[in-house]
Structures are given as structure tokens and as C-alpha cells.
Amino acid sequence: MSQAGAHVFFIVAAYAVPVLLLAVEVWHLARRSRQLPPQELADEA
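Going by our numbering, the final residue of the sequence shown carries number 56, and the count climbs one at a time with no gaps.
Bear in mind the hints are in silico, worked out from the structure with no lab data behind them. Where a beta carbon is used, it is the ideal one built from N, C-alpha and C, also for glycine. Heads up, some of the hints might be wrong.
[Stated by the list, open to error] Pair by pair, the computed Cβ-Cβ distance ranges are:
#, residue 1, residue 2, range
1, R42, F21, 30 to 36 Å
2, S13, R43, 42 to 48 Å
3, Q14, R43, 40 to 46 Å
4, R42, Q14, 27 to 33 Å
5, S13, S44, 42 to 48 Å
6, H18, W38, 39 to 45 Å
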């Protein structure tokens, strides 16, 4: 990988990692806030 390619990769990774973590956090909160009964959760899986 070239020097410039590595530089771009690290910039993209620096932005992607927090965004990904935030998306996972929001997804977990959304699932928890719905409070589905166990039966519906089993059907969804």
C-alpha cells in the first residue's frame, strides 16, 4: 500500500469506527425500547 493510500485508509477508519459504534448503540436502544414480549422476539429471530 502506498503512503497516500495508508493515510486515506486511516482517515476513513477514524470516521467509520465511531459511526459504527454509535449505530450499534442506537440499534440496541431501539430494540430495548420496543420491549417486545419473548414470543415475538423468538418469531423475529
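Structure-based check of each hint:
no. : hint                    : in the structure
1   : R42 <-> F21: 30 to 36 Å : holds, 32 Å
2   : S13 <-> R43: 42 to 48 Å : holds, 44 Å
3   : Q14 <-> R43: 40 to 46 Å : holds, 44 Å
4   : R42 <-> Q14: 27 to 33 Å : violated, 42 Å
5   : S13 <-> S44: 42 to 48 Å : holds, 46 Å
6   : H18 <-> W38: 39 to 45 Å : violated, 31 Å
Going down the numbered hints, you'll see the structure goes against 4, 6, while the others check out.
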